[in-house]
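Quick note, the sequences are listed as chains A and B, same order. One point on numbering: in numbering that gives the first Met the number 0, the residue at position 98 of the first sequence is 97, and numbering is uninterrupted. One point on numbering: in numbering that gives the first Met the number 0, the residue at position 133 of the second sequence is 132, and numbering is uninterrupted.
Note that these hints are calculated values from the structure, not bench results. Each residue gets a CB set at the ideal place from its N, CA and C atoms; glycine is no exception. One thing to keep in mind: the hints can contain errors.
[Unchecked claim] Which chain A residues face chain B? A few, computed with CB under 8 Å, are given here:
hint, residue
1, 9
2, 46
3, 92
[Unchecked claim] If you only want the chain A side, here are some residues facing chain B, beta carbon under 7 Å, derived:
hint, residue
4, 50
5, 51
6, 58
7, 76
8, 78
[What the hints assert, rightly or not] Dumping the calculated EDC-like pairs for lysine to aspartate or glutamate here, alpha-carbon to alpha-carbon at most 16 Å:
hint, chain 1, residue 1, chain 2, residue 2
9, A, 85, A, 54
10, B, 221, B, 269
11, B, 123, A, 22
12, A, 83, A, 22
13, B, 71, B, 98
14, B, 123, A, 66
15, A, 85, A, 18
16, B, 94, A, 66
17, B, 171, B, 227
18, B, 94, A, 54
19, B, 214, B, 231
20, B, 221, B, 265
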Amino acid sequence: MIRVVLPAHLRTLARVDGEVTIEIEGPATQRSVLDALETCYPVLRGTIRDHVTRERRPFLRFFACAEDWSLEQPDAPLPEAVAKGKEPFMVIGAIAGG
Amino acid sequence: MSGVRVLVGTRKGAFILTSDGKREKWDVSGPQFAGWEIYHVKGSPADPNRLYASQTSGWFGQVIQRSNDGGKTWEAPGGGIKIVPGEMPSGESNKFVYDTSAEAGKPLTTHQWYDGTQHPWEFKRVWHFEPSLTDPDTVYAGVEDAALFRSSDGGHSWHELAGLRGHGTGPKWQPGAGGMCLHTILIDPSNQERMYIAISAAGAFRTDDGGTTWKPINRGLKSPYIPDPNAEVGHCVHHIAMHASRPDVLFMQKHWDVMRSDNAGDSWQEVSGNLPTDFGFAIDVHAHEPETIYVVPIKSDSEHFPIDGKLSVYRSRTGGNEWEALTKGLPQSNCYVNVLRDAMAVDSLDSCGVYFGTTGGQVYASANAGDTWAPIVRDLPAVLSVEVQTLP
């Protein structure tokens with residue numbers, strides 16, 4: 000089980016409260032986690048990653064175990080604590096705008 | 000008794016304003032999609048309860064919302080929750096992918112940037128929805144960077160009508176201050192194969208074959224602020240309006256100049272007449288009088304607020320050239336708001352109602368064709384768009 004923390008607007012869009020939990024097969028990576036998330040919640044497709052390039056949207060960052068994973072390779076293994084559900088994978092929106 | 004439903008898109012959500020045919024007392028609901036920019040909300044002429052909303056954000060991109068009950072509830076088409084991991088999502092309702100196939104006229108990937116260099120085409124948001132006149136599941140979307148998309152499954156999937164970008168002038172299009180947006184879509188009710196669109200800053204275009212092929216229709220436009228004032232493309236058209244009974248007659252609010260065409264856009268003539276300034280964004284036509292048109296003159300360059308702080312709608316009953324100021328009920332001092340291009344609409348009740356929203360968050364209504372005005376609401380977020388549905 001993977002725990003995912005979403006920004007408030009994406010929780011509203013996906014109609015969920017609090018953390019989201021998802022199941023994945025194989026190694027826990029940014030790509031596998033986000034693929035599974037978008038499979039469970041199709042409305043999130045295109046809101047975290049670009050539809051075509053699959054790149055992270057510019058005003059979003061990914062954190063795990065208090066470290067910034069935004070610039071890591073999408074297939075790099077996430078920390079074991081995330082893979083085991085002890086720590087969440089966090090999608091964080093930039094603090095910007097009014 | 001019949002009534003009206005006013006669909007308001009703002010910087011921070013959508014609002015729905017409803018009233019009976021008297022249009023004196025209003026119910027205000029919202030915000031829907033609070034915190035998101037709602038560029039446009041529009042109902043289907045074929046099914047008034049089918050609404051489409053463009054929900055967009057600098058953080059999270061584009062979301063398409065659809066309602067089947069007049070805005071009481073909404074869904075992202077095909078975007079419902081799936082609880083079976085591994086099953087592929089069925090919904091991609093926010094997927095707008097430019098067609099760069101050879102069939103589209105060769106890979107068209109760049110347009111002109113502000114500095115004259117070529118710049119990649121990048122999808123940013125949907126500015127305008129135009130639902131089909133006959134099929135609630137068919138809807139057109141005008142997007143930034145400028146292109147026209149169509150959905151025939153209720154907004155679930157979108158396909159570009161690539162003949163517009165591919166017809167040859169695309170590399171000369173360039174963004175205006177608000178981005179390179181396709182903001183106006185008009186469908187000829189007498190011949191739905193004919194459509195008009197407008198782009199800032201490229202100009203107006205027409206198709207006569209349902210969107211397969213397009214041609215620029217900018218002859219007669221003069222824009223002294225571009226290198227060739229009479230260019231085939233490059234004009235900053237702000238909005239175009241049409242009366243359903245005379246689809247060959249078009250009225251245009253250009254960056255500067257109010258223009259008119261009597262031949263489906265083949266040529267244009269200026270009808271700014273005695274307007275105090277012919278800069279503006281919004282333009283619309285009276286529901287029952289095809290020669291009665293409305294604009295909101297705005298001071299420019301760059302100020303973009305009413306002259307002398309006096310908010311005025313101007314009405315022409317002669318199809319242009321002769322204009323009268325309509326100010327009763329509108330602020331006549333210290334008013335420095337703007338009225339954006341998609342923020343004016345009319346209803347079709349016997350006494351035509353006229354509506355517009357401002358960047359100050361007011362939505363004004365006139366139940367007597369503009370003679371007098373009153374605010375429906377005063378303190379919404381900045382209004383981006385106003386559409387009106389006349390309900391049975």
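Against the structure, the hints:
1. 9: Holds, about 6 Å.
2. 46: holds (4 Å)
3. 92: holds (5 Å)
4. 50: holds (5 Å)
5. 51: At about 6 Å, which falls below the 7 Å cut-off, the nearest Cβ of chain B leaves the hint on residue 51 of chain A intact, so it holds.
6. 58: At 4 Å from the nearest chain B Cβ, residue 58 of chain A passes the 7 Å test, so the hint holds.
7. 76: Where the cut-off is 7 Å and the nearest Cβ of chain B is about 19 Å from residue 76 of chain A, the hint is violated.
8. 78: violated (21 Å)
9. A:85 - A:54: Given that 16 Å is the threshold and the Cα spacing comes to 26 Å, the pair is violated.
10. B:221 - B:269: Holds, at roughly 9 Å.
11. B:123 - A:22: violated (32 Å)
12. A:83 - A:22: holds (11 Å)
13. B:71 - B:98: Violated - the C-alpha atoms of residue 98 of chain B and residue 71 of chain B are around 35 Å apart, more than 16 Å.
14. B:123 - A:66: Violated, at about 30 Å.
15. A:85 - A:18: holds (13 Å)
16. B:94 - A:66: violated (31 Å)
17. B:171 - B:227: holds (12 Å)
18. B:94 - A:54: holds (14 Å)
19. B:214 - B:231: holds (10 Å)
20. B:221 - B:265: The given pair, whose Cα atoms are some 14 Å apart, holds under the 16 Å limit.
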